[in-house]
Every structure is written in C-alpha cells, then in structure tokens.
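Start from chain A and add chain B according to the hints.
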Amino acid sequence: MAVDEESDTSPRNSTGGENTENKRNEGRGEEERAFECNICLDTAKDAVISMCGHLFCWPCLHQWLETRPNRQSCPVCKAAISRDKVIPLYGRGGSKEDPREKLPPRPQGQRTEPENTGAFSNFGFDGGFQMSFGIGAFPFGLFASTFNFGDPVIRGHGAHGTNPANLEDERFLSQLFLWVAILFIFWLLVA
Amino acid sequence: MYSPRSEASLAQSCTLQRQEKRLQKELVALIKEPPPGVVIDGESVGQSLDLLVLSINGAQGTIYEGEQFQLQFRFGPKYPFDSPEVVFIGTEIPVHPHVYSNGHICLSILTDDWSPALSIFSVCVSIISMLSSCKEKKRPPDDSMYVKTCSKNPKKTKWWYHDEEV
Chain A
1330 MAVDEESDTS PRNSTGGENT ENKRNEGRGE EERAFECNIC LDTAKDAVIS
1380 MCGHLFCWPC LHQWLETRPN RQSCPVCKAA ISRDKVIPLY GRGGSKEDPR
1430 EKLPPRPQGQ RTEPENTGAF SNFGFDGGFQ MSFGIGAFPF GLFASTFNFG
1480 DPVIRGHGAH GTNPANLEDE RFLSQLFLWV AILFIFWLLV A
Chain B
27 MYSPRSEASL AQSCTLQRQE KRLQKELVAL IKEPPPGVVI DGESVGQSLD
77 LLVLSINGAQ GTIYEGEQFQ LQFRFGPKYP FDSPEVVFIG TEIPVHPHVY
127 SNGHICLSIL TDDWSPALSI FSVCVSIISM LSSCKEKKRP PDDSMYVKTC
177 SKNPKKTKWW YHDEEV
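Note that the protein sequences, when read in sequence, are chains A and B.
1330 is the number of the first residue of the first sequence in the numbering used here; add one for each residue after it.
27 is the number of the first residue of the second sequence in the numbering used here; add one for each residue after it.
You may find that some hints are simply not true.
[Claimed, not checked] Derived Cβ-Cβ restraints for the label pairs, each shown as a range:
1. G1420/A with S134/B: 35 to 41 Å
2. S127/B with R1412/A: 21 to 27 Å
3. G1420/A with T117/B: 49 to 55 Å
4. G1420/A with D108/B: 29 to 35 Å
5. G1420/A with P103/B: 29 to 35 Å
6. P1443/A with C176/B: 34 to 40 Å
7. P1443/A with L75/B: 48 to 54 Å
8. R1412/A with K163/B: 46 to 52 Å
[To be verified] List of simulated lysine-lysine pairs, BS3-like, C-alpha gap at most 30 Å:
9. K1374/A with K1414/A
10. K47/B with K182/B
11. K1414/A with K104/B
12. K174/B with K184/B
13. K1374/A with K58/B
14. K164/B with K178/B
15. K178/B with K51/B
16. K104/B with K1374/A
17. K47/B with K1414/A
18. K104/B with K182/B
19. K1374/A with K47/B
20. K1407/A with K47/B
21. K184/B with K163/B
22. K47/B with K58/B
23. K182/B with K1407/A
24. K104/B with K1407/A
25. K1407/A with K1374/A
26. K184/B with K161/B
27. K178/B with K163/B
28. K51/B with K1374/A
29. K1414/A with K51/B
30. K164/B with K182/B
31. K184/B with K1407/A
32. K1407/A with K174/B
33. K1407/A with K181/B
34. K164/B with K181/B
35. K164/B with K174/B
36. K174/B with K104/B
37. K51/B with K1407/A
38. K161/B with K174/B
39. K51/B with K182/B
40. K178/B with K47/B
The hints are simulated quantities; they were obtained by calculation from the structure and are not laboratory data.
No residue lacks a Cβ here, since even glycine has one placed at the ideal position from N, Cα and C.
Pulled out of the complex, with its shape left as it was, chain A reads as follows:
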C-alpha cells in the first residue's frame, strides 16, 4: 500500500491522547487548506499569488508555465497569467527573497553581443570610412557590396582625423559612391 494516510499527522500522533489530537489536526487541516497550493495540494512553499487571487508554490506554477509557454493561463480559473504578473507572498519568518529569483531551476541561456571596437563604431570620425549598399530580395541579391576605406585598427588616433587632405579624399569618395548608388537605383527604376 503506497498511500500514506497519515503523512500530515504522524509526528503529532505520537504524543498525547489520540482522539483529541485527531480532532485538533482536523481543525488545523481545514484552516491550513486555505493556504494550500492549487497544484501540489500541499502548504504553499515560496508562495506566489496570481492577479486572479489563486495561490501556488512558485516551483509548481513555474513548471506549469513552462509546460504551456504559448498559452499561459491560471490553472484554477484560466485567466491570463505570467511570471511578471504574480505577487510573491511573504509571511512572518521565512525567506525574504523573491521566490521567483530562486527559480527557474533551469539556468537561462546567456549570450552577449560581441564587443564592437572595430570599423562600424568610428564611422566618420578618425579616418575609417565605410559604406555598404545592396539591392535585391534575398536570396537573389542583385548587388551587394561593402566599401571599406581605411582600416581604423591599423591607423592610429589623432593624426589622420585632423589631416585635411585625407578628409577631402574621403568626402570625395563618399560623394562618388553616393552618386554611383543613386545612378544605379535610377537605372534599376528605368530599366
């Protein structure tokens, strides 16, 4: 027999008269049932409450939200529910930590953007210049190209940024390519 009928009461039954103990336990049970998680049916641990007023253990609710990530609804009343719309409950004593911080049990995947110290960040500032344009619908690119003049990694700071000749060169090139681009677009429209 795997059913454990006395799981709740066994520690108390070992002391005192059985009848009074049982009665007291029943009364206590009624009172405590109001604070049972609607999923595991046990007293809510790391309790959270939904906007619709239903009480859960955060681990239980979290698992339910993970089960149906696309259709997250309150298990009791089917109202919309989400991680950010539940309120942690802090009784007297116990942990003051937000239960939602303790879980998720599954660590989140992490990704960070690569550090961008290269070409794109110093466009137009210290001598690096680039321009790219492309026309066409993926995957049939008609024309896509990148022009990259001046490698800012190799060039030092200061010297080139203030060099007027260099600046003029760049301005000329940028205008040239701008016109090439405009002509090309024009040609595309006409053709």
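Below, chain B without anything else, positioned relative to chain A:
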C-alpha cells in the same frame, strides 16, 4: 562547485516526490470522500501509483441509471502538469455520443483544457455530468472508423471539441 548534472537530477527527484505526494493526497481524499456515484475499491488503490480503476454508477433519473462502468486512470510521470489518460474499460462501455466503443472519451479537459488544478475527483464529476446530461443513447457518428484506426492511447488522438451540449 557548480555541477549542472547533479542539480538537474536533484530537481527531477524533487518534482517526482512532489508529484507522488500530490497523487497520494488525492487518493486519500478520494477514498475518504468519493464524488457521488463513484465507488472506489480501497484494496486495489495504491497497489500501483500510476494506475487507478474505479466504478461509476449511472446517476438516478438519467438514462444510465442502474448501469455501472469501470473507469481507468493512468498517470504519466508529468502528472499533474500533464493530464491523466482516462478510458472506460471492461465489457460495459456507456453508449454515449462522446464515448467510443473502445472506451475512449472525447472530453476537452482530458487533453487541451487540462489544468493541474483539476484532479481525479473533478474528472469523475465531469464524466458523470457528461453522462447525466445525455438524452439519447447513441455512439459517436464516426465510431466504427475511429475504433479501427485510433491509437491505444486516447491522448494521441487529435480531438475536435465542437459539441457543447452533451
């Protein structure tokens, strides 16, 4: 030292424990106070925690009055986050527009509309109410076709829930 594998298995055993505990609680409450019309054989309960067979009596004043059916619950490892597999078994299968002759039941809470706040108790009540609201004993229109082609597990059936009346 952080070791993801042991943590994962620990979490898994914790959830298993929680789920087992919930089933036990449900069974204890069910034996103590079964829903009206449900008879539970206390001896057979608990022999295995993932299978439960109980008897359902047709409610008085309905077309199933006096009939008794065997209802079988099978609980997967994800219960209560996943619905139990519920079928009628034995020779007596209720003749009902949502019950196929192989015992499969077309009831939305058994698949799409399942919620972990539902229980053995509430499934029994739903099935009894489904039987009680029926006015005419007949099989689903596609019964013979479905019974021939369906999987053994009703949860693998793609059910269409369109009839709100019965």
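Checked hints:
The supplied range of 35 to 41 Å is met by G1420/A and S134/B, whose beta-carbon atoms lie about 37 Å from each other. Taken as a hint, the range 21 to 27 Å is violated for the pair S127/B and R1412/A, whose Cβ atoms sit roughly 45 Å apart. The hinted range of 49 to 55 Å is satisfied by G1420/A and T117/B, whose Cβ atoms lie roughly 53 Å apart. Checked against the hint of 29 to 35 Å, the C-beta distance between G1420/A and D108/B comes to roughly 31 Å, which is consistent with it.
A hinted range of 29 to 35 Å for the beta carbons of G1420/A and P103/B is consistent with their spacing of about 32 Å. About 52 Å separates the C-beta atoms of P1443/A and C176/B, a value inconsistent with the hinted range of 34 to 40 Å. In this structure the hint that P1443/A and L75/B lie 48 to 54 Å apart at CB holds, the actual value being about 51 Å. Distance hint check for R1412/A and K163/B: the Cβ-Cβ separation is about 48 Å, which falls inside the suggested range of 46 to 52 Å.
Using a Cα cut-off of 30 Å, the hinted pair K1374/A and K1414/A holds, with the two alpha carbons roughly 18 Å apart. Annotation: proposed proximity of K47/B to K182/B holds, straight-line Cα distance about 27 Å (limit 30 Å). With a CA separation close to 25 Å, the supplied pair K1414/A and K104/B stays within the 30 Å bound. A threshold of 30 Å between alpha carbons decides the hint, and for K174/B with K184/B the separation of about 15 Å falls inside it, so the pair holds.
For the given pair, K1374/A sits about 26 Å from K58/B by alpha-carbon distance, which is consistent with the 30 Å threshold. Of the supplied pair hints, the one linking K164/B and K178/B holds, its CA atoms being roughly 22 Å apart against a limit of 30 Å. At most 30 Å may separate the alpha-carbon atoms for a hinted pair to count; K178/B and K51/B meet this at roughly 29 Å. Taking the CA atoms of K104/B and K1374/A, the gap is near 20 Å; set against the 30 Å cutoff, the hint holds.
Pair hint K47/B plus K1414/A holds up; C-alpha atoms about 28 Å apart against a cutoff of 30 Å. Restraint check for K104/B and K182/B: the C-alpha separation of about 16 Å stays at or below 30 Å, so the hint holds. Restraint check for K1374/A and K47/B: the C-alpha separation of about 14 Å stays at or below 30 Å, so the hint holds. For a cut-off of 30 Å, the pair hint linking K1407/A to K47/B stands: about 24 Å separates their Cα positions.
Proposed proximity of K184/B and K163/B is supported: the alpha carbons are some 24 Å apart, at most 30 Å. Taken as a hint, the K47/B and K58/B pair is honoured in the structure, with Cα atoms around 17 Å apart against an allowance of 30 Å. For the proposed pair K182/B and K1407/A, the alpha carbon gap of about 24 Å is at most 30 Å, so the pair holds. For the hint pairing K104/B with K1407/A, the CA-to-CA distance comes to about 20 Å; that is within 30 Å, so the pair holds.
The straight-line distance between the Cα atoms of K1407/A and K1374/A is roughly 22 Å, inside the 30 Å bound, and the hint therefore holds. For the hint linking K184/B to K161/B, the alpha-carbon distance of about 26 Å falls within 30 Å, and the restraint holds. Distance check on the hinted pair: K178/B and K163/B sit about 24 Å apart at the alpha-carbon level, within 30 Å; holds. For a cut-off of 30 Å, the pair hint linking K51/B to K1374/A stands: about 17 Å separates their Cα positions.
Pair hint K1414/A plus K51/B holds up; C-alpha atoms about 29 Å apart against a cutoff of 30 Å. Distance hint between K164/B and K182/B is fulfilled; the C-alpha atoms sit about 24 Å from each other, no more than 30 Å. A threshold of 30 Å between alpha carbons decides the hint, and for K184/B with K1407/A the separation of about 22 Å falls inside it, so the pair holds. For the proposed pair K1407/A and K174/B, the alpha carbon gap of about 35 Å is over 30 Å, so the pair is violated.
A hinted pair counts as satisfied when its Cα atoms are at most 30 Å apart, and K1407/A with K181/B qualifies at roughly 21 Å. Taking the CA atoms of K164/B and K181/B, the gap is about 23 Å. The hint holds against a cut of 30 Å. A C-alpha spacing of about 18 Å is found between K164/B and K174/B, which places the hinted pair at or below 30 Å, so the restraint holds. For a cut-off of 30 Å, the pair hint linking K174/B to K104/B stands: about 29 Å separates their Cα positions.
Restraint check: the Cα-Cα separation between K51/B and K1407/A comes to about 23 Å, which is no more than 30 Å; the hinted pair holds. With a C-alpha separation of about 27 Å, the suggested pairing of K161/B with K174/B holds against the 30 Å cut-off. Between the alpha carbons of K51/B and K182/B the distance comes to roughly 28 Å, so the proposed pair stays at or under 30 Å and holds. A distance of roughly 28 Å separates the Cα atoms of K178/B and K47/B; the hinted pair therefore holds under the 30 Å criterion.
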